[in-house]
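Asker: Could you build the full structure based on these sequences and the hints that come with them?
Residues per chain, in single letters:
Number of protein chains: 2
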Amino acid sequence: MRGLMQNFPLHENSILDHAKKHHASREIISRSIEGPIHKTNYAQIHHRAKQCAQALVKLGIKPGQVVATMAWNTWRHLETWYGILGAGAVYHTLNPRLFPDQLNYIINHAEDQILFLDATFIPIMENLAEKLPNIRAYIIMADKTAMPKTKLKNALCYEDLLAAEDGDFQWILTDENDAAGICYTSGTTGNPKGVVYSHRSNVLHTLIAAMPDVLGPGNADSVMPVVPMFHANAWGLAFLAPMVGAKMVMPGAKMDGESIYELLDSEKVSFTAAVPTVWLMLLQYLEGGNRKLPHLKRVAIGGSAVPRSMIEKFDKDYGVTVSHLWGMTEMSPVGTTGSLRAHHGELDYEDQLDIRLKQGLAPYMVDMKITDDDGKELPWDGKSFGHLMVRGPAVARAYLKGEGGEIVDEESWFDTGDVATIDAEGYMQITDRSKDVIKSGGEWISSIEIENLAVGHPDVAEAAVIGLPHPKWDERPLLVLVPKEGAAPSARAIKDYLKDKIAKWWMPDDIVLTDEIPHTATGKIQKMALREKYQNHRWTDEAG
Amino acid sequence: MRGLMQNFPLHENSILDHAKKHHASREIISRSIEGPIHKTNYAQIHHRAKQCAQALVKLGIKPGQVVATMAWNTWRHLETWYGILGAGAVYHTLNPRLFPDQLNYIINHAEDQILFLDATFIPIMENLAEKLPNIRAYIIMADKTAMPKTKLKNALCYEDLLAAEDGDFQWILTDENDAAGICYTSGTTGNPKGVVYSHRSNVLHTLIAAMPDVLGPGNADSVMPVVPMFHANAWGLAFLAPMVGAKMVMPGAKMDGESIYELLDSEKVSFTAAVPTVWLMLLQYLEGGNRKLPHLKRVAIGGSAVPRSMIEKFDKDYGVTVSHLWGMTEMSPVGTTGSLRAHHGELDYEDQLDIRLKQGLAPYMVDMKITDDDGKELPWDGKSFGHLMVRGPAVARAYLKGEGGEIVDEESWFDTGDVATIDAEGYMQITDRSKDVIKSGGEWISSIEIENLAVGHPDVAEAAVIGLPHPKWDERPLLVLVPKEGAAPSARAIKDYLKDKIAKWWMPDDIVLTDEIPHTATGKIQKMALREKYQNHRWTDEAG
Numbered sequence: 000m001r002g003l004m005q006n007f008p009l010h011e012n013s014i015l016d017h018a019k020k021h022h023a024s025r026e027i028i029s030r031s032i033e034g035p036i037h038k039t040n041y042a043q044i045h046h047r048a049k050q051c052a053q054a055l056v057k058l059g060i061k062p063g064q065v066v067a068t069m070a071w072n073t074w075r076h077l078e079t080w081y082g083i084l085g086a087g088a089v090y091h092t093l094n095p096r097l098f099p100d101q102l103n104y105i106i107n108h109a110e111d112q113i114l115f116l117d118a119t120f121i122p123i124m125e126n127l128a129e130k131l132p133n134i135r136a137y138i139i140m141a142d143k144t145a146m147p148k149t150k151l152k153n154a155l156c157y158e159d160l161l162a163a164e165d166g167d168f169q170w171i172l173t174d175e176n177d178a179a180g181i182c183y184t185s186g187t188t189g190n191p192k193g194v195v196y197s198h199r200s201n202v203l204h205t206l207i208a209a210m211p212d213v214l215g216p217g218n219a220d221s222v223m224p225v226v227p228m229f230h231a232n233a234w235g236l237a238f239l240a241p242m243v244g245a246k247m248v249m250p251g252a253k254m255d256g257e258s259i260y261e262l263l264d265s266e267k268v269s270f271t272a273a274v275p276t277v278w279l280m281l282l283q284y285l286e287g288g289n290r291k292l293p294h295l296k297r298v299a300i301g302g303s304a305v306p307r308s309m310i311e312k313f314d315k316d317y318g319v320t321v322s323h324l325w326g327m328t329e330m331s332p333v334g335t336t337g338s339l340r341a342h343h344g345e346l347d348y349e350d351q352l353d354i355r356l357k358q359g360l361a362p363y364m365v366d367m368k369i370t371d372d373d374g375k376e377l378p379w380d381g382k383s384f385g386h387l388m389v390r391g392p393a394v395a396r397a398y399l400k401g402e403g404g405e406i407v408d409e410e411s412w413f414d415t416g417d418v419a420t421i422d423a424e425g426y427m428q429i430t431d432r433s434k435d436v437i438k439s440g441g442e443w444i445s446s447i448e449i450e451n452l453a454v455g456h457p458d459v460a461e462a463a464v465i466g467l468p469h470p471k472w473d474e475r476p477l478l479v480l481v482p483k484e485g486a487a488p489s490a491r492a493i494k495d496y497l498k499d500k501i502a503k504w505w506m507p508d509d510i511v512l513t514d515e516i517p518h519t520a521t522g523k524i525q526k527m528a529l530r531e532k533y534q535n536h537r538w539t540d541e542a543g
Numbered sequence: 000m001r002g003l004m005q006n007f008p009l010h011e012n013s014i015l016d017h018a019k020k021h022h023a024s025r026e027i028i029s030r031s032i033e034g035p036i037h038k039t040n041y042a043q044i045h046h047r048a049k050q051c052a053q054a055l056v057k058l059g060i061k062p063g064q065v066v067a068t069m070a071w072n073t074w075r076h077l078e079t080w081y082g083i084l085g086a087g088a089v090y091h092t093l094n095p096r097l098f099p100d101q102l103n104y105i106i107n108h109a110e111d112q113i114l115f116l117d118a119t120f121i122p123i124m125e126n127l128a129e130k131l132p133n134i135r136a137y138i139i140m141a142d143k144t145a146m147p148k149t150k151l152k153n154a155l156c157y158e159d160l161l162a163a164e165d166g167d168f169q170w171i172l173t174d175e176n177d178a179a180g181i182c183y184t185s186g187t188t189g190n191p192k193g194v195v196y197s198h199r200s201n202v203l204h205t206l207i208a209a210m211p212d213v214l215g216p217g218n219a220d221s222v223m224p225v226v227p228m229f230h231a232n233a234w235g236l237a238f239l240a241p242m243v244g245a246k247m248v249m250p251g252a253k254m255d256g257e258s259i260y261e262l263l264d265s266e267k268v269s270f271t272a273a274v275p276t277v278w279l280m281l282l283q284y285l286e287g288g289n290r291k292l293p294h295l296k297r298v299a300i301g302g303s304a305v306p307r308s309m310i311e312k313f314d315k316d317y318g319v320t321v322s323h324l325w326g327m328t329e330m331s332p333v334g335t336t337g338s339l340r341a342h343h344g345e346l347d348y349e350d351q352l353d354i355r356l357k358q359g360l361a362p363y364m365v366d367m368k369i370t371d372d373d374g375k376e377l378p379w380d381g382k383s384f385g386h387l388m389v390r391g392p393a394v395a396r397a398y399l400k401g402e403g404g405e406i407v408d409e410e411s412w413f414d415t416g417d418v419a420t421i422d423a424e425g426y427m428q429i430t431d432r433s434k435d436v437i438k439s440g441g442e443w444i445s446s447i448e449i450e451n452l453a454v455g456h457p458d459v460a461e462a463a464v465i466g467l468p469h470p471k472w473d474e475r476p477l478l479v480l481v482p483k484e485g486a487a488p489s490a491r492a493i494k495d496y497l498k499d500k501i502a503k504w505w506m507p508d509d510i511v512l513t514d515e516i517p518h519t520a521t522g523k524i525q526k527m528a529l530r531e532k533y534q535n536h537r538w539t540d541e542a543g
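From first to last, the protein sequence lines are chains W and Z. The opening residue of the first sequence carries number 0 in numbering that gives the first Met the number 0; numbering runs sequentially from there. The opening residue of the second sequence carries number 0 in numbering that gives the first Met the number 0; numbering runs sequentially from there.
Derived from the structure by calculation, the hints contain no laboratory data. If you're wondering where the values come from, they're calculated on a predicted model, not measured in any experiment. Among the hints, erroneous ones may be present.
As the list claims (entries may be wrong) - In silico negatives: residues of chain Z with every beta carbon more than 12 Å from chain W: (1) D16; (2) I36; (3) P99; (4) D165; (5) S265; (6) S439.
Stated by the list, open to error - Lysine-lysine pairs mimicking DSSO-like chemistry, simulated, CA-CA at most 30 Å apart: (7) W:K296 / Z:K291; (8) Z:K315 / Z:K523; (9) Z:K20 / W:K375; (10) W:K20 / Z:K375; (11) Z:K296 / W:K291; (12) W:K19 / Z:K368; (13) W:K267 / W:K296; (14) W:K38 / Z:K368; (15) W:K296 / Z:K315; (16) Z:K296 / W:K315; (17) Z:K38 / W:K368; (18) Z:K382 / W:K19; (19) W:K19 / Z:K375; (20) W:K20 / Z:K434; (21) W:K312 / W:K253; (22) W:K312 / Z:K296; (23) Z:K375 / W:K296; (24) Z:K267 / W:K375; (25) W:K368 / Z:K20; (26) Z:K267 / W:K315; (27) W:K20 / Z:K130; (28) W:K296 / Z:K312; (29) W:K382 / Z:K20.
C-beta atoms are modelled at their ideal positions from N, C-alpha and C, and glycine is treated no differently.
Answerer: Below you can see the structure in the form of structure tokens.
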């Protein structure tokens with residue numbers, strides 16, 4: 000027997016249609032690239048997205064073709080996404096922080112046809128354009144008066160293009176399983192790989208994100224996605240805010256503490272989301288001027304683990320609740336969130352913090368498990384750690400053009416590349432990256448856990464733990480430290496400090512001091528480079 | 000270009016699978032039909048739902064066949080839904096308040112194969128069984144010790160059936176567009192008509208309901224669906240609570256103020272949902288004993304319009320927020336909810352109440368419009384009232400077996416049978432039923448609005464307004480009043496009372512007193528019966 004309910008394809012642009020009809024005058028406030036604060040609303044965004052779609056069709060874009068954007072979070076970036084989708088095309092967000100070679104590779108690999116860009120990024124593209132034969136037009140997201148001079152051939156003015164269209168356009172609605180967007184993962188090895196979201200997966204992901212325990216803003220919220228739209232879909236907020244009719248506050252190119260604070264305050268932001276470094280800057284700025292956050296209620300923090308002190312400061316000094324969020328590009332990106340359970344209300348604050356520091360619970364439509372090297376499922380006991388595997392309707396089943404081969408097993412499990420524990424209540428905690436975990440005598444040692452402890456020592460500025468080959472134990476941990484300015488902690492002092500905090504066999508066999516630890520473009524420690532640097536390290540006698 | 004995300008059919012039982020894995024020990028507390036409070040959790044519900052599915056397969060149920068339930072909200076009713084769905088079958092909820100003829104009709108019309116029932120309802124079914132040749136088994140939802148004697152042939156004991164199975168069973172997963180559930184609408188004319196929900200529509204509806212502005216409980220909530228599962232899917236709560244991992248509190252057969260209060264208090268219920276009459280009983284009980292509601296935060300009220308005084312009492316005396324909810328069986332059932340917008344925070348309390356008394360805003364995936372008799376769309380100005388039309392993925396496109404013919408137009412609009420206004424901010428307010436609105440000189444008069452005003456008069460217990468034929472104006476309103484005990488208000492006094500509250504041409508031409516106004520089984524005024532009763536009414540001269 001078939002159901003007798005209405006057919007309604009899960010198409011992204013139905014979200015903007017809803018916002019236009021039911022939340023027409025709700026504001027989108029942006030710090031423009033030109034500088035001034037810009038104000039618009041969902042009705043106008045809708046109209047301009049239609050103009051944008053018309054312009055794309057006129058430029059020859061066909062359904063299924065790919066259109067790239069390299070832009071900050073502004074109203075114009077929002078319009079282009081819905082405009083591209085409404086033309087039946089596929090948006091491809093470019094992360095301007097990628098190396099030029101990577102950008103070159105992914106623009107050609109995705110076969111991008113047109114590229115929208117903020118004026119900020121013209122120099123990057125001028126240097127690359129010669130190697131990008133497929134790009135028919137570079138659309139500079141500015142009005143005529145703000146159009147900079149550029150060597151780019153086929154540079155078009157965004158506002159001129161839109162002004163030439165009347166907005167009388169029917170969205171080109173493709174099948175719900177057709178591609179909607181592409182985002183490349185910046186793997187530490189090999190070429191970046193393209194994750195291809197469908198309309199269905201993006202709509203379902205937005206509905207996951209809408210749940211109160213996940214992101215969950217409502218129409219009365221003022222939502223600021225500080226996390227860029229080119230960073231894993233701004234964690235879904237560019238779809239979620241219009242879906243629920245929330246006000247949007249877009250920070251543009253300015254992510255410093257002062258600029259963020261200014262918008263938080265003037266636009267009464269109640270919910271915001273970004274990586275920890277942004278909030279470190281903000282907290283410093285707040286403390287510098289004895290400023291408060293009377294409007295802000297919740298901050299979602301993801302991208303890397305949230306420091307304990309950050310949650311505490313937001314709680315105690317500002318009355319703002321931090322939600323820990325974990326995800327990845329291949330998950331659209333939401334994976335888990337650190338909401339507390341009802342009975343945790345009985346715990347004292349420090350014990351609650353222990354739970355909130357975990358990456359958290361998986362919502363409906365995100366399934367997860369941990370396995371050992373043989374694929375055997377490990378128990379949810381908060382101790383066993385194994386490969387974190389995920390699956391669900393917003394999880395990738397393959398990369399664009401089959402790069403990387405089969406990435407899921409026959410039961411659809413995708414290996415996140417993370418190593419994690421899951422406790423009896425379902426709280427997942429990342430303990431390491433699979434390639435960084437140290438395998439010593441058949442057991443695993445978490446490099447991240449030791450690093451987190453080591454930076455607690457007053458003389459330590461940064462710490463990295465790597466596994467190096469060992470004749471007896473296969474691998475043993477080496478702790479690499481950048482001391483704080485003027486400090487020179489002894490190996491003995493560090494070991495004494497760690498002694499009661501880790502299992503005896505986790506104790507790094509050696510500790511070396513260095514001036515600098517190498518990082519990737521996105522701020523992660525380059526462990527591969529470290530392993531190369533220390534490949535000839537000789538274990539001291541004590542370690543033998 | 001196709002998306003490259005995972006295939007994940009929107010199947011109802013994935014919700015219970017999620018609850019079992021991620022919220023295994025979260026409690027389901029029920030007032031059992033036998034009397035005592037019963038405690039279980041999602042892991043056990045999952046296991047028993049598997050046993051139930053096994054038992055159904057053993058009884059010969061095939062995918063796509065229909066299995067009925069006539070039961071109160073308890074853990075067993077929850078298990079049977081997921082058990083039926085997990086056997087690939089279709090659940091059909093029977094409203095025990097229907098007339099026996101209607102029950103007889105719908106059980107045969109839906110071709111129900113098996114019927115689960117609480118012991119409470121054995122007498123109803125004993126009287127009907129002879130006319131129900133398709134029913135292979137009546138499964139009494141009790142254990143052996145509580146099994147009553149019954150004349151029903153093929154009566155089976157629920158707990159015995161489950162105990163015979165080991166729960167080692169794979170859900171039979173049918174296509175997401177296959178039927179999942181059936182609920183008949185109790186129309187005031189003709190036979191009831193079956194709405195056939197699909198797995199997809201029910202999952203999407205649950206995701207709509209999960210949004211913070213709709214029902215929006217989280218895992219820390221304790222949720223009590225007082226609204227019965229046989230009343231439009233308990234507004235989705237039987238799917239929503241396990242989806243988010245909320246505790247469930249099931250009131251069983253006892254809906255009186257004392258019983259409801261007892262569970263609200265002992266189980267620390269934070270969110271609950273029911274029709275206004277339940278809350279009237281509760282408020283009376285609370286006031287009788289100076290009782291408070293320290294745990295309860297939100298109450299969703301739907302089914303009929305919420306009285307202003309009820310919202311005020313919950314707000315001021317108990318610190319509980321009332322969310323006005325409107326929907327219908329054909330909408331799965333959520334239509335609109337009365338959440339406030341951010342800028343309404345600036346309004347004073349009475350003005351906020353005016354907004355909260357409206358039926359509210361449509362969430363994403365619910366589209367609505369109002370039209371005149373010719374199908375022309377009317378403006379959203381809060382004044383124009385017209386036929387309320389809706390569409391979306393959880394809205395019916397047809398009734399079972401095509402009864403009632405085409406029920407949506409070529410653009411999928413479904414006529415709700417209600418007359419409503421929509422204001423500039425998107426708040427919908429029901430003003431009447433289409434068949435009750437009074438058409439006078441080409442303009443419409445809302446019978447409900449006049450009724451609501453008339454009951455404000457201190458001498459009036461109940462009021463009904465009907466349109467009667469009129470030689471000059473086509474129709475004019477007649478106001479029928481039940482006076483309060485001992486009162487006998489004059490027509491003049493009532494008209495004086497209404498004078499400044501309604502437009503002059505809305506003033507009822509005549510006012511008649513009566514002892515009783517007839518009601519339907521679900522408590523609605525039977526306007527058709529009233530129109531018949533007063534069909535020979537002669538207008539007084541004044542009305543001419």
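Asker: Give a verdict on every hint.
Answerer: Hints, one by one, checked against the model:
1. D16: violated (8 Å)
2. I36: The claim stands: I36 (chain Z) keeps its Cβ more than 12 Å from every Cβ of chain W (closest is about 18 Å).
3. P99: holds (26 Å)
4. D165: holds (21 Å)
5. S265: holds (15 Å)
6. S439: The claim holds: S439 (chain Z) sits with its nearest Cβ about 31 Å from chain W, beyond 12 Å.
7. W:K296 / Z:K291: Within the cut-off at roughly 28 Å; holds.
8. Z:K315 / Z:K523: Roughly 29 Å separates the two Cα atoms, so the pair holds.
9. Z:K20 / W:K375: holds (17 Å)
10. W:K20 / Z:K375: holds (17 Å)
11. Z:K296 / W:K291: holds (28 Å)
12. W:K19 / Z:K368: holds (14 Å)
13. W:K267 / W:K296: holds (10 Å)
14. W:K38 / Z:K368: holds (28 Å)
15. W:K296 / Z:K315: holds (24 Å)
16. Z:K296 / W:K315: Holds, at roughly 25 Å.
17. Z:K38 / W:K368: holds (28 Å)
18. Z:K382 / W:K19: Between K382 (chain Z) and K19 (chain W) the Cα gap is close to 21 Å, so the pair holds against 30 Å.
19. W:K19 / Z:K375: Holds, because 20 Å separates the two Cα atoms, which is no more than 30 Å.
20. W:K20 / Z:K434: Status holds; Cα separation ~28 Å.
21. W:K312 / W:K253: holds (23 Å)
22. W:K312 / Z:K296: holds (28 Å)
23. Z:K375 / W:K296: violated (44 Å)
24. Z:K267 / W:K375: Not OK: K267 (chain Z) and K375 (chain W) at ~40 Å, beyond 30 Å, violated.
25. W:K368 / Z:K20: holds (10 Å)
26. Z:K267 / W:K315: Given pair K267 (chain Z), K315 (chain W) holds - Cα atoms ~27 Å apart, limit 30 Å.
27. W:K20 / Z:K130: Measuring from Cα to Cα gives roughly 50 Å; hence the hint is violated.
28. W:K296 / Z:K312: With a Cα-Cα distance of about 28 Å, the restraint between K296 (chain W) and K312 (chain Z) holds, given a limit of 30 Å.
29. W:K382 / Z:K20: holds (18 Å)
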